[in-house]
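Enquirer: Listed here are the chains, written in short residue letters.
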Amino acid sequence: MKAINEMKLTVPSRSANEGFARAAVAAFIAPLDPTIGELADIKTAVSEAVTNCIVHAYRDGIGVIYIQAKILEQGRVVIRVRDTGCGIEDVKKAMEPLFTTCENGERAGLGFAVMESFMDKLRVSSRPGRGTTVTMEKTILSKGA
Amino acid sequence: MKAINEMKLTVPSRSANEGFARAAVAAFIAPLDPTIGELADIKTAVSEAVTNCIVHAYRDGIGVIYIQAKILEQGRVVIRVRDTGCGIEDVKKAMEPLFTTCENGERAGLGFAVMESFMDKLRVSSRPGRGTTVTMEKTILSKGA
Amino acid sequence: MDVQLTVEEETMTAFLSGEIDHHGAGEIRRKIDEMAQRVRPQKMILDFGGVTFMDSSGIGLVMGRYRLLQSFGGALCLRHVSSPLKKVMRLAGLDRIAQIEDTRPGEKQEGKRS
Amino acid sequence: MDVQLTVEEETMTAFLSGEIDHHGAGEIRRKIDEMAQRVRPQKMILDFGGVTFMDSSGIGLVMGRYRLLQSFGGALCLRHVSSPLKKVMRLAGLDRIAQIEDTRPGEKQEGKRS
Ligand SMILES: Nc1ncnc2c1ncn2[C@@H]1O[C@H](COP(=O)(O)OP(=O)(O)O)[C@@H](O)[C@H]1O
Ligand SMILES: Nc1ncnc2c1ncn2[C@@H]1O[C@H](COP(=O)(O)OP(=O)(O)O)[C@@H](O)[C@H]1O
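Protein chains in written order, with the numbering used here: chain P, 1 to 145; chain X, 1001 to 1145; chain S, 2001 to 2114; chain D, 3001 to 3114.
Worth double-checking, as some hints may not be accurate.
[Stated by the list, open to error] With a Cα cut of at most 30 Å, we get these calculated DSSO-like pairs of lysine-lysine:
no.	chain 1	residue 1	chain 2	residue 2
1	X	LYS1092	S	LYS2087
2	P	LYS70	X	LYS1092
3	P	LYS8	X	LYS1002
4	S	LYS2087	X	LYS1008
Simulated from the structure, these hints should not be mistaken for laboratory data. Treat the numbers as computed from the prediction; the structure is a model and nothing was measured.
The shape of chain P in the complex, shown without the other chains:
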């Protein structure tokens, strides 16, 4: 399907870029005139995916986060967040709600659960030692409809 518009954004995995990444995606989809709820859903999902790159993928240093967003026909938004960090051994297990490898008790293990429930589709592919790609999709319903 041909994209009506698309953008590619790369940032280093500094936590200040969590806010920047979701603001940039929000600005990108603004022409679709999303509701406050739709916008919050997408910003939250992007924030989870980008935070995972910072907290997990590049936990021992700074790497590059690749964010791509596309607007397709009929309000379909596809967002991809990719890292070349540590990767995930068992994606199925990682996606289980409450599962977290974070030990200080301050991560809830709900990042993937948020992405899954706030977006229409979520696909996670990962190779240990090579990195992880999260692809999410959501349709912004036209307010006229």
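Go by the hints and put chains X, S and D with the ligands onto chain P.
Expert: Coordinates of chains X, S and D with the ligands only, in the frame set by chain P:
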């Protein structure tokens, strides 16, 4: 000089991305807490540079616009807008206020004049047939200072 | 960006809002000119009260309307121009071809640049 | 994001504002815990009235404070939670461990999810 933060953004040369590009740059420099005036200056300069890619560089079609922004020490912001479009024969002449190659009379020929006067520094390099790179710099004064 | 048009006696007012850039300027131009060519107003007020951003595309917008009005002897007036917009307009010397009426409510009236 | 802390008798209130994410959560946690460990309040109110965004880092923030309060027998109460925030909180079942007091002014009180 080492960047404190940086981002790279690529978008197709659709006019809808004029607004997106300046919103993205604005979100990126938000942590510097710019004044309304400083923010307006930078957004305006970015808008001029991106519009030039759309209107001039890729006037006969859609190409890719490459935007890079860096935050350096002491509030220095460096922004680069690059295209691989038609290029500029005579950069010096192109930069003269009121000079425009646009014939319908709706471009004021002030894009470069705005970039020059709203930013601290402006550098334009171009190769006919290869593209143009505009590099702009501005220091966001710390409000505490 | 958007424009609302009103005509009262010899005066046409265009209430502009949102962000004025190249992307939106064409549509605004068409709307204003279509009406202006019909009513041929003695005075046109461009009201920038709702405008949150403007780049040099806005200068093209003002200059073009100025030329159109000149063609049938009308005057152009710019209203509710915020400081950042004024900065762009001054760069182009728009304060010399059109009257910049007043500032946005709550904003200090600035003196003309000498 | 930012936090303002008040203590009145046995109740400690943390007024949170801005965007709650991983970037800012650490600082907020430290500020709240430093105070809570000193006063050991019977009740802690987390006031989300000024919060414009929250992701699952906010859940970690709430859960961690819940555990801390449990450790000295205090109760946790969440106040002024807007609809988007409530959506995140419900996913984590926070409505089961803490009382979600009321909504933001002007917003409809929603029933509990069955
Ligand atoms: N980009 C990533 N790179 C490496 N590991 C990841 C990545 N994203 C998630 N994970 C792994 O999956 C687990 C679950 O992720 P998530 O559901 O987002 O919860 P949380 O971030 O709170 O731990 C993480 O604890 C981590 O082990
Ligand atoms: N990125 C670019 N690619 C090719 N030509 C350009 C580019 N930017 C500017 N120019 C040329 O320089 C001229 C002056 O640019 P500018 O000062 O921005 O005024 P305007 O855009 O109003 O014409 C343009 O009319 C065009 O001929």
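Enquirer: If a hint holds in the structure, say so; if it does not, say that too.
Expert: Results for each hint:
1. A C-alpha spacing of about 24 Å is found between LYS1092(X) and LYS2087(S), which places the hinted pair at or below 30 Å, so the restraint holds.
2. For the given pair, LYS70(P) sits about 38 Å from LYS1092(X) by alpha-carbon distance, which is inconsistent with the 30 Å threshold.
3. With a C-alpha separation of about 23 Å, the suggested pair LYS8(P) and LYS1002(X) falls inside the 30 Å cut-off, and the hint holds.
4. A C-alpha spacing of about 29 Å is found between LYS2087(S) and LYS1008(X), which places the hinted pair at or below 30 Å, so the restraint holds.
Going down the numbered hints, you'll see the structure goes against just number 2.
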